[in-house]
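Student: First to last, the protein sequences are chains A and U. All residue numbers for the first sequence refer to the working numbering, where the first residue is 1498 and numbers rise by one. All residue numbers for the second sequence refer to the working numbering, where the first residue is 604 and numbers rise by one.
No lab work stands behind these hints, which were simulated from the structure alone. For glycine and all other residues, C-beta sits at the position ideal for the given N, C-alpha and C. The hints are all genuine.
Here are some chain U residues pointing at chain A (derived, C-beta under 7 angstroms):
1) Met631
2) Gln889
3) Ile919
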Amino acid sequence: MTPAAPSRRTRLAAKAWRVWALIRKESRQVFRDPSSFAIGVVLPLMLILLFGYAMSLDVKHVPVAVVIDEPSSEASEIAASFQLSPYFEAHLTSSMAAAQALMVSEKVDGIVRVPADFARRAAQGDASVQILVHGVDGNRARIIEVYAEAAVAQAGARRAAEGAGDAATGGQAVVENQLWFNSANDSRYFLVPGLIVLIITLIGAFMTSMVVAREWERGTFEALFVTPVRTDEILIGKIVPYFVLGMGGLVLCMLSAKFLFDVPFQGSILTLTGVSMLYLLVSVATGLLISSSLKSQFLASQVTLVATFMPALMLSGFIYNLRSVPLVVRLISYVVPARYYVSLLQTLFLAGDVWSVILPNAAILAAVAVLLLALTRRATRKSLG
Amino acid sequence: MWDSLNRIVALIRKELLAVLKDARTRNMLLLQPVIQCLIFGYAATLDLNNVPYAAFDRDRSAASSALLAKLDGSGAFHRIANLTQADQMSSLIDNQRVLLVIQIGPDFQRQLSAGQDAAVQVIADGRNSTTAGTALGYIGAAVESFNADWRGDHGLPPPPVQLTPRAWFNPNLETRWNLVPALVGTITMMSTLMLAALSVAREREEGTFDQLLVAPYSPTEIMIGKAIPAMMIGVVQATNALLVSQLWFRIPFAGSYVTLYIGLILFLLAAVGIGLFVSSIAATMQQGMLFAFVVMMPFALLSGLTTPISSMPAIIQDLTLINPLRYAIDLVHRVYLEGVGLGQLWPDLWPMAIIAAATLSAAAWMFRNRIE
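Excised from the complex, chain A in its bound form (with noise of 0.2 angstroms):
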């Protein structure tokens, strides 16, 4: 008598015994490596403290040289607008040569230069104020710019209310800012959102990035080709316990921009977890996918780094904006599912759930999910190479 095939409800049992093996097997390896405890929480706190404490676009309290060529009140009264404004710290400088030598050993950002007739001028009212920023910084070196020509003003119309009754100078069209969703223009509030979309993508794609490509360097993949393990099983024990981590790195990331920074969260903390998922099963799907394409430790990791952390950080829009590149760098950026994430974050924390933006970025990165799980599923088959 030939032995009864197995009913379909054993075959189903072995198989999940088989993956729960998988994934008790890949978590202890995880949860026992020093390296994931570095990556999975030291780096998410060092970046937390890093955006949220350290980084900021802000310009303060920027050095500069204030020259006056020949003494008068109202060059006093420009020098004295430079010093008494928050944004710059004035120094008085003898002589312009002695200005630009601070320039030029980055002493100082900038060169304010009051011109030897600037009091005959200003009574005739063509006066001017000479500039000169350290242009290497171009963007802070036009913020400089703005301010000073603020304190420029400032001065002009402290003497003109002084000598009230100067001649009209007549109406002008005056700029009234309005910035929607962040109205305290706190950089943080963008930076938060931005930190999040990094987290996931180094827990994700990093750590998973070395695992295959380490079996097959060791030959311990050759082995799994032995067991009755099936390719998907070896995928589901091998995303699990790094899907895990990440929505760990995803709660601390959430509650220290509640606690610690106080970044509004506009949105649903349903539709955060249901797209946060979806980033996290791309990164890790990105992750495989290098790694059992490539199978080899080093190249799997110099690919990750340029395929997904500098595309996270550099292309996804949450830094630089993408409105203003070459066509094809934002053609480009159309297939850095990083950017997608960013834009949903940004919404969800600043916007509320806005389902015209939500929907969209999120059905394209289930499909890239699922894109590149198939791809992975075909490049990890058990065949020998």
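On the provided structure of chain A, position chain U as indicated by the hints.
Tutor: Okay, now just chain U, sitting in the frame of chain A:
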């Protein structure tokens, strides 16, 4: 002495072979700086152009169209809609179709003609506050220029004091001039640090490090043999990145190559020292890579590459003093854009030398004292 040199040369050859024999790895190492420089050189700009905006012109006068024409003509903005009702605003901004809406009040021209100030309301999407802030700056400039024209056309005197701004070293204030040279340092650091970190970890994982330790090599020789190949690859990568910045982006090189390379070699020495130290702690390649990354992140973020060091809190500014990348970026900027000589680079050079000396000796010590 001669023997020692021979042994080191042999180790360098073996290291280079181990890394470069695989064509995929070779291409990866050579092309990666080029591709990154190209993409990020275009992407990482804080300058604006073609920012979509909507106009809500409730005045529809000559003055209001002149103001909008100023914005359209600046090249930074691109008008995609003319609104007729206030409630159209929110959906455009919510869906990120426009970054800003400009609202001109119904009495704009009348107020201006009457010699009163007239408000131009700008509503910006603050989800990315940097972009919004920059855009507001651009609008301020466009409105200033409109005001100047208005005064000129209506025979009003110009404002009493004018500002003539001029920028040194980067006359058009292009962010790319700042960023691409900085990338030369950042990209090379990432690769060399990683190469160095993985080179020892790989031998550990494969079990060949023990063999190296029982071979007639002193720890210093092992260290030199591991450091030089990584530095050689780093110099080639830096050269590739420099070529992109000069030949593709046409950013003029003001200084001397000798000075630049002396600085870069010192910087690479510091990067390799950090990599080798990380490597001596790691037991596997995965650990080596992850530890290297944990170390590299703060270096990259606190280097002045993405946000200026002078905007950081004082205590963090002190922390950046042990960051070799901070000095390297400053050095590349100063040689590349300002053209300064070695004498003035001293404040950048000596900290890198100290970092290199400290990390390299720590790594050599770890080689000797850590055997499992």
